[in-house]
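Following the hints, complete the assembly by docking chain S onto the known chain W.
There are 2 protein chains.
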Amino acid sequence: MIRHTVAFTLRHPPGSAAEVAFLDDARVLAGLPMVRNFERLRQVSGKNAFRHGFSMEFATQADYDAYDAHPVHVAFVRDRWRPEVADFLELDYVAHAP
Amino acid sequence: MIRHTVAFTLRHPPGSAAEVAFLDDARVLAGLPMVRNFERLRQVSGKNAFRHGFSMEFATQADYDAYDAHPVHVAFVRDRWRPEVADFLELDYVAHAP
Numbered sequence: 032m033i034r035h036t037v038a039f040t041l042r043h044p045p046g047s048a049a050e051v052a053f054l055d056d057a058r059v060l061a062g063l064p065m066v067r068n069f070e071r072l073r074q075v076s077g078k079n080a081f082r083h084g085f086s087m088e089f090a091t092q093a094d095y096d097a098y099d100a101h102p103v104h105v106a107f108v109r110d111r112w113r114p115e116v117a118d119f120l121e122l123d124y125v126a127h128a129p
Numbered sequence: 032m033i034r035h036t037v038a039f040t041l042r043h044p045p046g047s048a049a050e051v052a053f054l055d056d057a058r059v060l061a062g063l064p065m066v067r068n069f070e071r072l073r074q075v076s077g078k079n080a081f082r083h084g085f086s087m088e089f090a091t092q093a094d095y096d097a098y099d100a101h102p103v104h105v106a107f108v109r110d111r112w113r114p115e116v117a118d119f120l121e122l123d124y125v126a127h128a129p
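Here the protein sequences come in this chain order: W and S. If you number the first sequence the way our numbering does, the last residue is 129 and the count never jumps. If you number the second sequence the way our numbering does, the last residue is 129 and the count never jumps.
Warning: the hint list may mix true and false statements.
Identical copies carry no separate label here, and so any pair may be met within one copy or between two of them.
Said to hold, decoys possible - Simulated crosslink set (SDA-like; lysine to any residue; CA at most 25 Å straight-line):
id: 1; residue 1: Lys-78; residue 2: Pro-102
id: 2; residue 1: Lys-78; residue 2: Gly-46
id: 3; residue 1: Lys-78; residue 2: Trp-112
id: 4; residue 1: Lys-78; residue 2: Val-51
id: 5; residue 1: Lys-78; residue 2: Ser-47
id: 6; residue 1: Lys-78; residue 2: Ala-61
id: 7; residue 1: Lys-78; residue 2: Gln-92
id: 8; residue 1: Lys-78; residue 2: Thr-40
id: 9; residue 1: Lys-78; residue 2: Ala-117
id: 10; residue 1: Lys-78; residue 2: Leu-60
id: 11; residue 1: Lys-78; residue 2: Arg-58
id: 12; residue 1: Lys-78; residue 2: Val-103
id: 13; residue 1: Lys-78; residue 2: Leu-54
id: 14; residue 1: Lys-78; residue 2: Ala-97
Calculated directly from the structure, the hints in this document are not laboratory data.
Chain W extracted, bound-state conformation (with noise of 0.2 Å):
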């Protein structure tokens, strides 16, 4: 399993609608057939700049990879992602034994 997250700050104001427009149309995003837990976060801690988080889980790399392609995801990141969020960090974890 593959654990692919984001932190990031969008460019709209905090409480804005346009932020709330962007977080309730990024769960396009969950419909895909490959993307397993879907998650929208608030990033609260304060030792970060980051305000939101996206959090997603594959079962495989070829499912991470056939989610990078599917139009769906390059649509989302061309009209939504690229002009709308300021900054952002990716994080994909594997877990190691418990």
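This is chain S only, laid out in the frame that chain W set:
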């Protein structure tokens, strides 16, 4: 629920016995009574320089505060984290509605 995560890199060489020992010994944190879903993670994205991650969840902010103040956590930070960790980023998340 608050998910506390930290991405980090150790001073130890990758694959070294000291790296393995640090990751093994960190499991002491999983034994604290307020810590839920403790995970030891490998960071696998090439888009950042972090090599490891921990993730844990707290039911409440009071549980998070109790973890921060717990002698086992305080000792781990003092005796292992500060001397052995080269760089880190904490990200804490609270879930939006799905």
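Structure-based check of each hint:
For the identical chains of this complex, Lys-78 and Pro-102 are inter-copy neighbours only, at 22 Å across copies versus 35 Å inside a copy, given an alpha-carbon limit of 25 Å. With identical chains, the CA atoms of Lys-78 and Gly-46 are at most 25 Å apart within one copy only, with a shortest distance of 21 Å there and 29 Å across copies. Within a single copy, Lys-78 and Trp-112 get their C-alpha atoms as close as 24 Å, and across copies as close as 17 Å, so both meet the 25 Å cut-off. With identical chains, the CA atoms of Lys-78 and Val-51 are at most 25 Å apart within one copy only, with a shortest distance of 24 Å there and 27 Å across copies.
In the homo-oligomer, the alpha carbons of Lys-78 and Ser-47 lie at most 25 Å apart inside one protomer (23 Å), although the nearest pairing across protomers, at 30 Å, exceeds that limit. Taking the shortest Cα distances, Lys-78 and Ala-61 sit within 25 Å of each other only across copies (23 Å), while inside one copy they are farther apart (28 Å). For the homomeric pair Lys-78 and Gln-92, the shortest alpha-carbon distance between copies (16 Å) is at most 25 Å, but the shortest distance inside one copy (31 Å) is not. Proximity of Lys-78 and Thr-40 under a CA criterion of 25 Å is satisfied in both settings, with 14 Å inside one chain copy and 17 Å between copies.
Taking the shortest Cα distances, Lys-78 and Ala-117 sit within 25 Å of each other both inside one copy (18 Å) and across copies (17 Å). Taking the shortest Cα distances, Lys-78 and Leu-60 sit within 25 Å of each other only across copies (21 Å), while inside one copy they are farther apart (28 Å). Taking the shortest alpha-carbon separations for Lys-78 and Arg-58, only the inter-copy value of 24 Å comes in at or below 25 Å, while the best intra-copy value is 27 Å. In this assembly of identical chains, Lys-78 and Val-103 lie within 25 Å of each other by CA distance solely across copies; the values are 22 Å between and 33 Å within a copy.
In the homo-oligomer, the alpha carbons of Lys-78 and Leu-54 lie at most 25 Å apart both inside one protomer (23 Å) and across protomers (23 Å), since each shortest distance falls under that limit. Proximity of Lys-78 to Ala-97 under the C-alpha cut-off of 25 Å is restricted to the inter-copy arrangement: shortest distance 19 Å between copies versus 34 Å within a copy.
When held up to the earlier numbered hints, the structure conflicts with none and fits them all.
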